[in-house]
Every structure is written in C-alpha cells, then in structure tokens.
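Trainee: Dock chains B and C against the given chain A, drawing on the hints supplied.
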Amino acid sequence: MRVSTKTDKQNKKLSAFVRKNTVGWLMLLPTVLFAYLIVWRPTVMGFYNSLFRMQGGTRGAFIGLKNYVEIITDTNFLKVLTNTFKYTGYSLLIGFIPPLLIAILLNEARRGQYIFRVGMYIPVVLPGIAVYMLWSYMYLPGDAGLLNTIFGLFGADPYVWLQDSRFAIVWIVVTMTWSAMGGTILMYFAALQGINPDLYEAASIDGAMIRHKLRYIVLPEIYPIALLLFVRQIIGVFQVMEQPLTMTGGGPDGATESLALLAYKYAFEYFKFDKGMATGVITFIILMFMTIFYTRLEKKVNQ
Amino acid sequence: MKRKLLKEKKAAVKVSTRLIGDNDMKRPVYKLIYLLIVLFLIGMCMVTILPTMWIFASAFKDTKEFLAVPPTIIPRSFEPAKIVQVWKNVKFIRYLRNSGIIIAGDLAFTVLFNGMAGYVFSKLKPAGSKFIYRLIFITMLLPTSMNMIPLYSSFVKFPILGINITGSFIPLWLMSGFSAFNIMLFKSFFDSVPASIVEAARIDGSTEVGIFLRIIIPLSKPIVMVVSIFTIVAAWGNFMWPFLILKKETMQPVSVMLYNMKSQLSVDKYMVVMMLSVIPPLTVFLCFSRQIMGGVTLGGVKE
Amino acid sequence: MSKTRRITSIITAAVLVSISVLLCSCSKGGKVSVTIGDWPADTDTMSSVYEEYLKQMNEKYPDIEIIPDTSSGTATSYLTRAISGQLPNLYVVSYTEAANIIKSGFCADITDACKEYNYAQSLNPLVLDKVKDGDKIYGIPQTAYALGLICNKELFEQAGLVNADGTLQYPQTYDELAKTAKTIKEKTNQAGVVFPTMNNQGGWIFTNVAWSYGVDFMEQDTDGKWKATFDTPECVAALQYIKDLKWVHNVLPDNAFVDIEEERKLFASNQAAMYIIHPTERMLVKNYSMNKDNICFARVPEGPAGRYTLMGGNYYAVSPQSTPEQIDALFKFLEIKGHSPNVTEKTEESLSMSMKKDNDENVPVMRKAAFPLWINNERTALDTKLREMYANVPDENFADYSSFIDVMVHEEEPQCAQELYSILDSGIQKVLTEKDADCASIVKEMANDFQKNHLDKLD
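Listed in order, the protein sequences are those of chains A, B and C.
When the first sequence is numbered by our numbering, its final residue is 303 and no position is left out of the sequence of numbers.
When the second sequence is numbered by our numbering, its final residue is 303 and no position is left out of the sequence of numbers.
When the third sequence is numbered by our numbering, its final residue is 459 and no position is left out of the sequence of numbers.
This is chain A alone, in the form it adopts within the complex (with noise of 0.2 Å):
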C-alpha cells in the first residue's frame, strides 16, 4: 500500500514534470526557431560565407580571408572606420549625456511634466525616412535651407552644414539625437521617479546640497540604466547606415560614410555579397570586442 502511493506520487511528479517540459518546450520552438532563422543561423553563415567568392547570392570558390584582405587594404577603410568611431564618439557626446541632462530638468518641472513628455516624444513616432528627409531639407545650403533663414535672422551667415566635411557627420548625429532623444529622455525620467523619495527627505534634514543629491542620490540611482542605455547607443551607432544612406549618400567625398554603409554598397550597389559580409564580420567583431568590455564592466559595478 504505502509503496504504491509513492509511485503514484512519483508518477504525478513525473507527469507534472514531462508536461511543463514538453509542453513548454513546444510554445518556445517558434521563438527557437525564429530566432535560428533571424539572428544565429545569419550570423554563423555571415562569417562563412565571406570565405568565399560569392557570384551574386551563390557560393563560389573557398578564398579564405581574401575578402577581408581586400576590403582591409582599401585606400578607404580606414577613413570609413574612422568615421564610423566619429559617429560613435559623436554620438556619446551629443546623444548621451544631454538626454540625462533633460531628464533631470524634467523632473524638476512642477507643472506640465506630461506635456513635456508627449512633446519631446514626438519625433520617435515619426518614420525615419520622413526624419531624414526634413532635416536634408532644413539642412541646405545657402539661402533655401530653413535653418540658415532662421539663424539668418539672428544675422548669421549661411552655412554649408552636410557639405562641411569636416562636421557632416555632426549633422547627421544631431538629426539622429532630434529622432531617438525622446526615448531616453523618458527611460531616464522613469527611472528618476523610481528614486524612493525617502532618500531625498534624509538628504534635506542633512542640509544637503543639490551637488550633493545629484552626486549621493541620483547618479548612483540611474547609473545601471545609463550604462545599459550607452552600450545599447554604442552598438546601435556604430551600425549607422540609413541616415548617410538618404541624407548624404555617404558625401562629401566620403566624410559621412560609415561600415554598415559600406556593407549595403559593397552588397546592393556592387554586387558583391562577399565583400558585404566580410564588412558585416568585421563590424561585428569591432562591437564584440566592445559588448564583452561592457559585460566585464557591468560585473565589476555590480560586484
């Protein structure tokens, strides 16, 4: 009698157990599956179809690191990877410190938070090539362009803007701050509510300064989400390829253009599906190297 409840018991547990785990198993596959199909199995193959000689979507013959010999000693790259560092650089120091900036005014606001939020989100919602296209539009050259009329009446003289090689990927930055600003604003901010305000009251009984709560209270507070949020930008950036693609093609004489544009060309404008991955390969091992820096870095914060 009494062993065979335990063996009942123990085939309930074991049912229990078979059911969570095939079940569970069967609604996960699609997401498996998909994500074989969308992110690993490119991935992989990315990597070894650029050993190859691609004639348009086919494997040819086995070149080894040809490819990347190639594409390495081009008069350009290193041009090309520098710009795409400038975008990043660039990138960090317009696009991430000012969002925070904000965020903390916002914060501060008494009245109109809300509104204030909605406003600064706006530019989100809009389609990229929508943003692209009006600030190419705001940024021409001479009398036409709509911020030189504006500065303008403030007496400035017209400016190049894009066509300023030396800044052109400034610009570009800023257009990319203007569209994507608003969501970091909004993550910064919900992550100042979250401070628990007693932290605050403590600080005012101590007499403390507003240097002091920025610096005791709320930089520690936000400092995991900023970290999160700079490696996200730092990848997201370094892979920059729509905006030079629609705003500059890439111009003036190749100041604007970045790695991920290169890929597209190298694929879609010259057919060379190759060279395109052997690109992608290697922006990607850039940003590896970058992503396991960061882990390193958020092991180290949260020990």
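There may be inaccurate statements among the hints.
Stated by the list, open to error - Residues on chain A that point at chain C, a partial pick, calculated with CB under 10 Å: (1) G207; (2) G251; (3) D253; (4) Y270; (5) F273.
If you are wondering where the hints come from, they were derived from the structure by calculation, not from laboratory data.
From a predicted model like this one, the values you see are computed outputs, not experimental measurements.
Backbone N, C-alpha and C define an ideal beta-carbon position, used for all residues, glycine too.
Mentor: For chains B and C alone, kept in the frame of chain A given last:
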C-alpha cells in the same frame, strides 16, 4: 474639493523626488533657476515640435511660395487642393493598404510568438529555458550589421524549403516573430500575474496554450497594448527591409514609397507625401500617449 | 471569453493566410507566362497604350500570358531583384550596367532569338556592341543617345542670351559654358549650370569633360594588366574646371549633393539653366510639369582635346531563368509593341500609338532621332516618317544637338566603370565643398585609389 485635496497630496509626494525641494523654492535664486529650467524645457519642446510642424506648414504652401528663397517660416498661401491631387496621383491609398497588411501581420506574429515565449519564460520555465533566455538576452547586444546580407539571402533561398519568399510580406512578418526586447517586456509583465490563476486554470483542465490565449493575454491588456503600439510605429517606419524585399510597387508600404518618391515628385509635392506619411503614427501616438509613456517606463526599468 | 476567441481566430487566420500565400506562390498554370518589366505604372498616361498592346497580344497569342511589372527600374533595384531571383523576364537597364550584368550572369544569352527575329542583323552595330560579349548577344537596345547640353530657354531669354534669329547662344566650349552660366547667374540669380555629384552620376558626366580635356582613364599593358592613367595635368585641368565653376564663377547651385533627379527638379522649376544629359528627358514634363517648348538641346561643349560625348541609353535584358519558350514569347511581345526591325502595318500602328500618346501628353518628340538604332532602311524610313508626323517641339530647339558637328562619340571606360565613377564622385564632391582643395593631389589620390582598390583586384 476632495479631488483637489487628493491631487495636492499626490503632488506633495512627487515633490520629494526633486532636487530643488519645496523649501528651496522659497528663495528667489531657486525661483530664477526654476524659471530657467522651465524655459529650457519649453525650448526643447519647440526644437522637437517645430520641425514636425514645418512639414505641415510646407505641405500647404503653393508651389511658388515653396520655392521662394529664403523660405517662409509661416506660410502665406494655403492650397489644400494640392493635397487631394497628390493623394490621388501617388495612389496613397494603395501604400496605406500595404502598410496596413504589414502591420497586421507584424502584430499577430509579435503578440502571439513573443508573448508565448514570455509566458514560457515566466510561468512554465521548462528545464533549460534559462539558457535560451540568456541567449536571447545576448541577441540584444549582438550587432545586426552582419545579419542583414545573409538573412536577405536566406529569404531568397529559404532554409530547408529552398523557396524564394522575397516579394511577399512573409519575411517581414517572420522577422517580427522574434524580438528579444518584446519577449522581455512580456516576461516581466507576466511575472506579475499571480501563479495561482494559472494553477487554477490548469486544474480546470485548460491546455497551456489555452491558458496563454484565454487567461494571460486578456489579463495583460496593458502590455499587449504597449507592445502593439510600439510594433505599429516601428512597422510604419521600417524602411530598409521592405525596400530590399518588396520590389513590386503594388506591394510597397508608405515608408518605401516615401523614399522612392523623392526622385519622382517635385519638392513641394514631396512635402505633401511626407505630411501624409507622418499623420498616421502621430495620430496613434497622440491617442495612446499615456500607454506609450507607461510602456517606455516599463521597458526602461525592467531591462 | 468570446472576445478572446475572436482574437485567437484572427491570429490563427493571419498565420493560415501567410502559409497559403507561401504555397500559392509556387503553383503555376499551363500557359507560357512572362513578366514584362518597365511597364508604365497605372498612374502613367502611357499605361493605356500598354493595355492596348496587352489586348493585342492576348488576341494573337492566347497561350502566352503577360504579367505586367510596374516596378520602377533604378540600377540598384535591379541588382537586388537579380540576386533575389525577382527579375521580370524582360527588364530594362542602362548600357552602363551591361558589363556587370553579363559578368554576374543576371541575363540570358539571346543570340539565337536575336538572329531568328532579325535583330542581330538590323540593330546599329555601334549600339549592339554594348550588349555583346564576344559573339554572344545579351540584350536588345531600347534607346540610344549621345549626351548633350540641355538648356532652359526661359532663363536664357531672361539673360538675353538669344541670337537675332531667335536661337539661343549655346556655349561652344567649356570656357564659354562657364561664361554663359555666369551671365545667367548675374541676370537671373539662378544657377547657371548644374553638375551631378552623387550616385556615380558625377563621375559618369565628368568622364565626358575629361575626355574633352584629353584624359585617358586607363590602358591595358602588354601582359594584360590594367593601369590607371589619369594622373595627368589634363585631368587636373578638367577637375580644376569643375572646381572653378563653384569657387571662381559661382554658377552652381548651393546644394552640392546633386543627382540627376535633383538636376531635373532645379531645371524644371527654372532654378538652373543647363546640365549635361541625354535628350530623352521625358521626366521634366511628366513628373515636374515643365513646358516642353522651354527645353532646348545643344551639343556638349568642346574642350582643348575635342568635343567628346558618351553614347548611352537603355536596353532590354532577359532574366537568366527564362526558358526558350519564354524568350520566344518576349520577342513576340516586342514585335507587338513595334520594337522590332521587321516592318509591318502592325509595327507602324503600334509605334504610332505610343508616339501619339507622347505627342498628346506634351512629352517632347524630336523630328530627328538622337542616335539611329536600326540600320535596315525600311525601319529607318518608318522612324523618320512617324517622327515627321508626331514631332511636337520646334526644330530649332534641338537643331544644334542634332547637327552633331565635330561631336566624337567615346566608348565607356572598359574596366570597373561604375567604380571609377564612384571615385570621381568623391573627388568632385571634395572640390565642390572645400575651397582650398588641391586638384593635383586629389587627381593623384583618385588614380591611386582606382588602381589599388579596383584595377589591381581584377580577377
């Protein structure tokens, strides 16, 4: 009267997460600082809203005024007939329909598959799913630059089946079947659904898929809503993939049309197309801004 | 609960529909069906004419099914379509792409059909050569033209650049072009001339200027290797000329990101007076509602080394997947459309239809063909006759271009032409955006880039 009191009480709670406390506000220096902050925030909102408004202003100008140098910032002419004409000329309704089809499929795939995965990770947790969850988290940090070209070729020759699915909406839908970000959003929301509800349904004899569809989804309206709105806005703006996949004009969505029309329409008419393409996402946003704000917060904190 | 069920059923339906769409796309009927690209979109007035072709086709060959494909045909989009196997059976591309397309196997060998239907014998060999690789024919020329200088009559008149007999004072040399542009800029405050800088179009046009300045871009060594040979004072002078247009004469538009479409927009809205282009500028009228009588055409200007122009245009290519039956069906369609060397009453009727439409729609129809496409007398005579009937622009607007005096047609550069254009684009952008740019070092750099990045890497 009571409501007002409640409001005040709420405000009182909020005050304490600010750097400038209530007591500080009594001093004129802080009053000045606060004024500057508000002015700054208003300025930021102008920066985000005015360019968007400019699209509308320009769309209504007549051709002559549009080409005027320097451009007028506040339009003098008003030509609504042009909008009707452009609407008909570019067959906007067709692109609208295509965008609609893409969005509908994207929504179905996103909610069904990402939601299901979130449910499995949150409630079923079959053996080994933690590992998959980790893998999915990593994909968020993976650069997509490398995937694009191989993924494109796998749509040209679909793995195993060997058929070409470019030229149809399917690749776009498939791609929305997997989004690490959405899976995480779903999971973290489902985590807050009490396990007892799921248990009760199991005892009633519901299947897991049934529980997910009939109990979890209806209970999770807020998150379904948020993910749906994000999906709609993203699908509306998605340009690169429809551009690469859909080469038949009759199947292209608004975003691709927007890109193509740049080289087929005169500038003033192009502005009209731009305005038309901006209206739907703006409407969705303004109608559902509360949910979106909440959603961003959700995404930000739980990441 | 019913609401949930509804959601469930909607989702299930969506998934089912997607699967069935997937399956449907594989099925096929018994007829020979061919997809014809470059079909005018239903928003294009020309579409009614094509509808008529379609009707005639269905009557005459009931077992051929024609599937119109209206996708717009930029080069890039054809490449992606080729790679994804989405090419229509018949598609249209420019000669510039021919070498790439043939090399990549994106088109079918149609030599046999061309011989059978008389195309091989009747097409102008100068043009046909562009779509040949050895003895094999890979395409059927659709249009052919020599580049010329398009001029905006209204702006010329405003600037007073009109002769006593009413003709415009076309610039004859590149120096005159700069001078004319300057006059226009001073008198009308609009850009005197536009030069493209993007999408390889800058390089494409620049080669014409460079040839006229005496530049040879490349040559083949005795051992078969290609060498870039344009790091010369001539090329520096040609680039300096472009640079001076901006910084000395200041006759270019402010925007330095210019492609052909931008040129057209500026020109059609009277914001620019001249650019170098082919004479089949339908878009000016069709997309940008320009008055056709406002368009004048001259020969390209002369440089120190002569008056060189590139011959260009579009041709029909056939997708590599096409079966012999499909290829045959395509030729039958071309016959119906009238794009055929064989003259019948039908040919005349079909051609009239499309020319009449152009005439009705105020798209410029010139009395003289830009470049003779056919060499069999019968077909040439028909062309002349129809042009006589439907020409709708004043002859004097195109007289200078049509005279072809001194004009020398230059072959497109033989190796990596697109890559060369891309490099030239960059150089042009540089001199147009940097006032202090040094042309000599830019040319040196361009030649070096072209050699190292492209010629040295030829397989």
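Trainee: All hints, please: hold or fail.
Mentor: Evaluated hints:
no. : hint : result
1   : G207 : violated (57 Å)
2   : G251 : holds (5 Å)
3   : D253 : holds (4 Å)
4   : Y270 : holds (7 Å)
5   : F273 : holds (7 Å)
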